[in-house]
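Undergrad: Residues per chain, in single letters:
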Amino acid sequence: MKIVKGEVVFTREDLLNFLVKLAKNLRTEGLAVGTSELETAIRLVENYCALLGKTHSGKYEFILEYNELVDLLKASLLKHDRFENVFEEIVKENLTPYHTVKIRVLREIENYLKDLGLRFGEKVSFAKIKKIIRKRSGREKAFETLFKIGVIVKNRKYGFYEILDEESVEKLLNKNVSLLRNVKNIEELANTLAYRKLEKTSISKIYDEKDFYLNTIETAINHSVDLSNISTNKLVNLSKIAYLKRRKSLLKKISKIIAERIVKNTGELKDVDEEILVDVLEKTNTLTPEVIEAIVKGKPKAAEKLLKKHRKTVIASIAHIEDIETQKAIASKALKLKLKREDIETLIEGLKPEALTILEKCKCEDLSKSETLLIKAISKLAKAFEYFRRAHIEDNKGYLDMAYGMLSDHNRLMNEYAKLPEKGKSRIEEKIFKKAEVLKTLITVVTSDKPMLPSKIVASPTIETLYILKELYDASLNPKVKEKILSVASKVAQKLRSRIRSTILSRKYIKTTLRSSNITVRDSIYNILRRKSSPIVYRRRRKERKIVLIIDVSGSMKAYAESAILLASAFIKVVDNILVFREYVAKLDRSTVRSPERMVRFLFNLKFGGWTNISKALSEAKKLRSKTLVLISDLKQTVLTENPLDKARELLKSGIELIVVTPPVYDKALARKLEFLGAKIIHVKEAHDLVKALGFIL
Amino acid sequence: MSNKVEDVIVKKVYETYFPVVGRSEPVRSVNLMVRLLREKFKLIVSERIVAITISAFLSSRPVLYEGPPGTGKTEVGYAILTLWSGKNAFILPCSENYDEYRVIGDFHPLMAMKMGFTEESFIPRPLLAALILDAGVLVDEIRRSSEEFQNMLLDIVDKRRIVVPELKRIFKAKGDGFQVIFTSNPEDIAQNELSDAFLRRVVRIKFTYPDEDVEREILKIRLGENYWKLGEENIAKMIASVNELRERATHKPGPADTVAWAQIAVELANLREKAKVTSKEMYDAGFSVLLKRIEDEDVVEDVLTKYFGGKR
Numbered sequence: 001m002k003i004v005k006g007e008v009v010f011t012r013e014d015l016l017n018f019l020v021k022l023a024k025n026l027r028t029e030g031l032a033v034g035t036s037e038l039e040t041a042i043r044l045v046e047n048y049c050a051l052l053g054k055t056h057s058g059k060y061e062f063i064l065e066y067n068e069l070v071d072l073l074k075a076s077l078l079k080h081d082r083f084e085n086v087f088e089e090i091v092k093e094n095l096t097p098y099h100t101v102k103i104r105v106l107r108e109i110e111n112y113l114k115d116l117g118l119r120f121g122e123k124v125s126f127a128k129i130k131k132i133i134r135k136r137s138g139r140e141k142a143f144e145t146l147f148k149i150g151v152i153v154k155n156r157k158y159g160f161y162e163i164l165d166e167e168s169v170e171k172l173l174n175k176n177v178s179l180l181r182n183v184k185n186i187e188e189l190a191n192t193l194a195y196r197k198l199e200k201t202s203i204s205k206i207y208d209e210k211d212f213y214l215n216t217i218e219t220a221i222n223h224s225v226d227l228s229n230i231s232t233n234k235l236v237n238l239s240k241i242a243y244l245k246r247r248k249s250l251l252k253k254i255s256k257i258i259a260e261r262i263v264k265n266t267g268e269l270k271d272v273d274e275e276i277l278v279d280v281l282e283k284t285n286t287l288t289p290e291v292i293e294a295i296v297k298g299k300p301k302a303a304e305k306l307l308k309k310h311r312k313t314v315i316a317s318i319a320h321i322e323d324i325e326t327q328k329a330i331a332s333k334a335l336k337l338k339l340k341r342e343d344i345e346t347l348i349e350g351l352k353p354e355a356l357t358i359l360e361k362c363k364c365e366d367l368s369k370s371e372t373l374l375i376k377a378i379s380k381l382a383k384a385f386e387y388f389r390r391a392h393i394e395d396n397k398g399y400l401d402m403a404y405g406m407l408s409d410h411n412r413l414m415n416e417y418a419k420l421p422e423k424g425k426s427r428i429e430e431k432i433f434k435k436a437e438v439l440k441t442l443i444t445v446v447t448s449d450k451p452m453l454p455s456k457i458v459a460s461p462t463i464e465t466l467y468i469l470k471e472l473y474d475a476s477l478n479p480k481v482k483e484k485i486l487s488v489a490s491k492v493a494q495k496l497r498s499r500i501r502s503t504i505l506s507r508k509y510i511k512t513t514l515r516s517s518n519i520t521v522r523d524s525i526y527n528i529l530r531r532k533s534s535p536i537v538y539r540r541r542r543k544e545r546k547i548v549l550i551i552d553v554s555g556s557m558k559a560y561a562e563s564a565i566l567l568a569s570a571f572i573k574v575v576d577n578i579l580v581f582r583e584y585v586a587k588l589d590r591s592t593v594r595s596p597e598r599m600v601r602f603l604f605n606l607k608f609g610g611w612t613n614i615s616k617a618l619s620e621a622k623k624l625r626s627k628t629l630v631l632i633s634d635l636k637q638t639v640l641t642e643n644p645l646d647k648a649r650e651l652l653k654s655g656i657e658l659i660v661v662t663p664p665v666y667d668k669a670l671a672r673k674l675e676f677l678g679a680k681i682i683h684v685k686e687a688h689d690l691v692k693a694l695g696f697i698l
Numbered sequence: 001m002s003n004k005v006e007d008v009i010v011k012k013v014y015e016t017y018f019p020v021v022g023r024s025e026p027v028r029s030v031n032l033m034v035r036l037l038r039e040k041f042k043l044i045v046s047e048r049i050v051a052i053t054i055s056a057f058l059s060s061r062p063v064l065y066e067g068p069p070g071t072g073k074t075e076v077g078y079a080i081l082t083l084w085s086g087k088n089a090f091i092l093p094c095s096e097n098y099d100e101y102r103v104i105g106d107f108h109p110l111m112a113m114k115m116g117f118t119e120e121s122f123i124p125r126p127l128l129a130a131l132i133l134d135a136g137v138l139v140d141e142i143r144r145s146s147e148e149f150q151n152m153l154l155d156i157v158d159k160r161r162i163v164v165p166e167l168k169r170i171f172k173a174k175g176d177g178f179q180v181i182f183t184s185n186p187e188d189i190a191q192n193e194l195s196d197a198f199l200r201r202v203v204r205i206k207f208t209y210p211d212e213d214v215e216r217e218i219l220k221i222r223l224g225e226n227y228w229k230l231g232e233e234n235i236a237k238m239i240a241s242v243n244e245l246r247e248r249a250t251h252k253p254g255p256a257d258t259v260a261w262a263q264i265a266v267e268l269a270n271l272r273e274k275a276k277v278t279s280k281e282m283y284d285a286g287f288s289v290l291l292k293r294i295e296d297e298d299v300v301e302d303v304l305t306k307y308f309g310g311k312r
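Line order of the protein sequences matches chains Z and D.
All letters in the first sequence, in the order written, are residues 1 to 698 by our numbering.
All letters in the second sequence, in the order written, are residues 1 to 312 by our numbering.
Among the hints, a few may not be true.
To be verified - The calculated label-pair distances, taken between Cβ atoms and stated as ranges, are:
#1 Pro26(D) / Lys141(Z): 47 to 53 Å
#2 Arg672(Z) / Glu247(D): 56 to 62 Å
#3 Gly22(D) / Ser36(Z): 34 to 40 Å
#4 Ser36(Z) / Pro26(D): 23 to 29 Å
#5 Ile42(Z) / Asp7(D): 38 to 44 Å
#6 Ser36(Z) / Lys292(D): 38 to 44 Å
#7 Ser36(Z) / Arg23(D): 33 to 39 Å
#8 Gly22(D) / Thr35(Z): 39 to 45 Å
#9 His80(Z) / Gly224(D): 38 to 44 Å
#10 Asn192(D) / Ser36(Z): 21 to 27 Å
#11 Glu162(Z) / Pro26(D): 53 to 59 Å
#12 Asn155(Z) / Asn31(D): 50 to 56 Å
#13 Arg23(D) / Ile42(Z): 33 to 39 Å
#14 Asp226(Z) / Glu247(D): 45 to 51 Å
Unchecked claim - Pairs of lysine-lysine, BS3-like flavour, derived with a Cα cap of 25 Å:
#15 Lys123(Z) / Lys205(Z)
#16 Lys328(Z) / Lys309(Z)
#17 Lys24(Z) / Lys206(D)
#18 Lys54(Z) / Lys206(D)
#19 Lys369(Z) / Lys338(Z)
#20 Lys200(Z) / Lys157(Z)
#21 Lys361(Z) / Lys376(Z)
#22 Lys425(Z) / Lys361(Z)
#23 Lys92(Z) / Lys206(D)
What the hints contain is simulated information worked out from the structure, not anything from laboratory work.
Cβ atoms here follow ideal geometry from the backbone N, Cα and C, with glycine treated the same way.
Just need the whole structure built from these sequences, with the hints factored in.
TA: This is the structure we're talking about:
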């Protein structure tokens with residue numbers, strides 16, 4: 001028999017409840033246990049405890065070792081050896097030794113209080129506590145442990161510590177009974193509770209109890225507790241406090257964690273205060289190139305702060321920024337500094353063609369005359385493209401004039417460049433020429449009548465192909481070209497759709513070759529007897545479940561929403577309806593989704609951005625009377641009309657299944673609440689994974 | 001009238017059984033009992049077994065000792081009962097044809113012919129005697145008795161009283177010294193199964209073979225000075241071979257057998273005028289003690305040869 005360490009503590013009532021439960025379970029396993037035997041067991045245990053003095057004077061009457069109790073139960077309830085193993089197992093299942101820990105913790109709390117010279121229910125001023133702690137070493141630890149558990153509560157307003165009375169302490173422990181099972185001693189309990197408190201508190205409250213939270217996070221890190229529930233922002237603030245309090249080793253540890261997190265997922269940076277972040281990371285020398293790249297990517301504002309000291313890495317990481325405007329912003333900040341030749345080189349390489357406009361601000365002294373000329377020329381070209389684009393987007397013909405003006409400027413500068421004596425091209429010049437070529441093709445696409453598509457795009461399409469096509473579609477002005485791009489895109493979409501369907505559906509259904517197995521015998525015989533013309537009845541296929549896709553098309557969801565719509569169109573048999581929502585809700589009819597052309601047209605004309613209104617989408621979805629709703633959203637409700645939780649609760653109560661697919665950055669609190677209500681949450685890392693996630697659902 | 005009549009039977013009981021029973025101070029403390037078991041009875045019993053047994057007595061439930069033969073059930077039961085009630089316990093060795101007349105009392109045939117079924121012609125038997133004397137009863141090998149007998153016993157133990165219909169008398173237990181321990185060996189196939197009704201009423205304590213240290217302790221206690229004559233090496237070998245036989249042989253030697261083996265080996269060495277027991281004595285003694293069944297011959301020889309060398 002495996003001896004489980006630890007004691008079992010129970011009252012008579014506990015024992016009775018336990019035995020009744022045990023007897024019930026034993027009976028289901030086939031061990032007949034009568035009431036008289038239970039009586040014997042209780043009497044035996046009572047007498048045994050009395051005999052050996054295993055009673056406790058307090059509320060808890062009996063204390064037994066675990067295997068002692070098992071032996072007693074065996075003596076009174078187990079009558080055949082062949083049931084011994086089953087019996088032991090059932091007892092083990094029914095009896096958890098957490099009671100013991102609770103008592104031990106209670107006693108230890110008592111001891112600590114005694115040590116501190118405090119009583120339950122007492123109120124002590126801050127000063128007195130300080131005096132008490134200073135009196136003897138070791139008292140600080142006792143006080144801290146009690147404070148962490150919450151036995152001692154700080155009353156900031158009136159300036160005293162309050163010690164809970166005995167009853168509330170027990171209530172507190174009862175509340176955390178599930179914790180007690182996994183906890184070995186009071187220190188561990190204290191640490192866990194404190195960590196939980198840290199998870200829950202707001203950042204401003206951390207500043208109220210600086211030392212407490214610093215200690216908590218330190219022990220958590222030392223015990224390698226999973227810190228994923230603590231937001232990066234909280235960590236950053238904690239590290240700031242650690243710096244203020246001059247706890248260097250802790251500061252290092254925290255900043256290391258922060259750096260790891262940032263590198264792993266730049267989305268973590270979203271809510272972080274960039275000034276503190278950069279401050280902290282700089283002080284601990286954790287600003288490795290990877291970290292800087294991650295910061296620049298996820299928090300462009302912080303990049304400006306970094307520029308002074310880490311110019312090179314920042315400029316190099318500009319290339320990884322997706323958004324053109326941010327690229328421009330950082331580049332312009334960078335250009336204000338005194339840049340060297342190689343910096344300019346990396347900058348030109350990293351910037352997207354559209355962002356090259358920023359180069360007009362370039363005032364570098366290292367550059368040769370030809371290079372400065374070229375840089376100016378390309379910025380004009382980029383500007384020209386920008387104006388063409390704006391002219392299209394804002395439908396403002398005025399921009400066209402400006403664009404052509406820019407083009408002529410560009411040509412003039414190029415002429416000037418050509419007049420310069422030839423020396424062979426420098427590296428910067430080569431790069432500029434390459435970019436200029438790209439810009440020129442873009443401009444021709446925008447302005448020309450015929451689309452010039454790279455041939456490989458159509459040959460082996462991916463979802464990215466569609467994105468490129470969309471960009472082209474947005475960029476082109478000529479309606480004929482637009483039509484052409486649309487037709488290509490619809491072909492691509494068709495191909496993609498069939499591929500997706502085949503990859504996912506091939507695994508979904510198993511074909512049955514045995515046709516006879518599908519015959520409904522009873523009905524068939526009935527029909528034969530009635531001499532019907534076609535008597536054999538085949539089993540009908542069960543109706544597939546129909547789902548409604550609710551897709552968030554607010555700005556943050558762009559990549560996901562596009563793939564989702566495309567994917568959904570591949571499953572049109574299953575997908576009943578598609579709802580697209582931002583601050584308003586739009587319903588796609590089936591015919592739109594079914595034809596690739598219309599679908600692509602819809603997709604290409606879809607404008608991302610705006611607010612998010614989840615509750616409205618949900619209430620709209622409810623009207624469609626579908627059994628399953630799939631919500632693809634980052635759950636960040638920005639329109640505050642109704643609580644989306646209420647709507648979700650209503651839906652789930654009425655028996656509708658709600659599945660939520662979220663991108664890596666999403667509102668965790670709302671997601672958790674939804675999960676609690678009964679919704680199923682699926683996290684998707686990248687837009688590609690959406691295929692899998694949706695395939696799984698469908 | 002009843003007082004006078006009672007005297008007759010009680011007197012008879014005291015006359016017949018009191019010299020057997022003796023009297024000493026009853027023991028109620030577990031620690032003391034464990035110590036006394038060790039010192040007085042040379043038995044090593046775990047505190048838990050003693051405590052559970054006594055708790056069962058306090059809950060007025062009979063106790064059932066179950067386990068393989070030779071594990072000391074009978075001895076332990078007897079000793080605990082004796083210490084508990086302060087009087088030597090009665091042992092009822094069960095057999096098929098045991099009935100109430102054999103345990104409660106019967107009538108002298110000639111006297112009954114002469115006087116009818118009266119107190120004078122009544123002969124009290126151990127169970128009634130134990131009840132009257134407030135002593136413990138050890139019912140040995142309960143499985144050998146009939147179910148009827150078992151149920152009768154249970155009734156008596158439950159209600160703590162004995163009815164003798166012929167005399168129209170009810171005897172009630174006065175103190176709590178009257179306790180019953182049953183022993184049984186579930187591995188013995190020749191015996192009856194115990195009924196569920198019986199099992200439900202008893203507190204069952206399982207006896208197993210002792211582990212090495214305990215067995216060594218038992219030998220130490222039982223052999224006294226002779227233990228050192230045997231030598232640690234022989235004892236270790238002995239325990240190992242006994243443990244092996246418990247797995248392989250059909251007759252499984254208990255600690256009692258081990259003790260007997262050791263004692264005989266020592267005696268043999270004395271007879272052969274040797275200062276210490278050699279493996280030859282161990283071998284010879286072992287062969288005579290451990291070989292109880294003819295089909296075990298090969299196994300016993302094999303094991304003994306393995307540990308104590310071949311026949312020399």
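Undergrad: Now tell me, hint by hint, if it's right for this structure.
TA: These are the hints, each one checked on the structure:
no. : hint                              : in the structure
1   : Pro26(D) / Lys141(Z): 47 to 53 Å  : holds (52 Å)
2   : Arg672(Z) / Glu247(D): 56 to 62 Å : holds (58 Å)
3   : Gly22(D) / Ser36(Z): 34 to 40 Å   : holds (36 Å)
4   : Ser36(Z) / Pro26(D): 23 to 29 Å   : holds (28 Å)
5   : Ile42(Z) / Asp7(D): 38 to 44 Å    : holds (41 Å)
6   : Ser36(Z) / Lys292(D): 38 to 44 Å  : holds (40 Å)
7   : Ser36(Z) / Arg23(D): 33 to 39 Å   : holds (35 Å)
8   : Gly22(D) / Thr35(Z): 39 to 45 Å   : holds (41 Å)
9   : His80(Z) / Gly224(D): 38 to 44 Å  : holds (40 Å)
10  : Asn192(D) / Ser36(Z): 21 to 27 Å  : holds (23 Å)
11  : Glu162(Z) / Pro26(D): 53 to 59 Å  : holds (56 Å)
12  : Asn155(Z) / Asn31(D): 50 to 56 Å  : holds (52 Å)
13  : Arg23(D) / Ile42(Z): 33 to 39 Å   : holds (34 Å)
14  : Asp226(Z) / Glu247(D): 45 to 51 Å : holds (49 Å)
15  : Lys123(Z) / Lys205(Z)             : holds (23 Å)
16  : Lys328(Z) / Lys309(Z)             : holds (20 Å)
17  : Lys24(Z) / Lys206(D)              : holds (24 Å)
18  : Lys54(Z) / Lys206(D)              : holds (23 Å)
19  : Lys369(Z) / Lys338(Z)             : holds (17 Å)
20  : Lys200(Z) / Lys157(Z)             : holds (21 Å)
21  : Lys361(Z) / Lys376(Z)             : holds (9 Å)
22  : Lys425(Z) / Lys361(Z)             : holds (22 Å)
23  : Lys92(Z) / Lys206(D)              : holds (20 Å)
Hint compliance for this structure: every hint is met.
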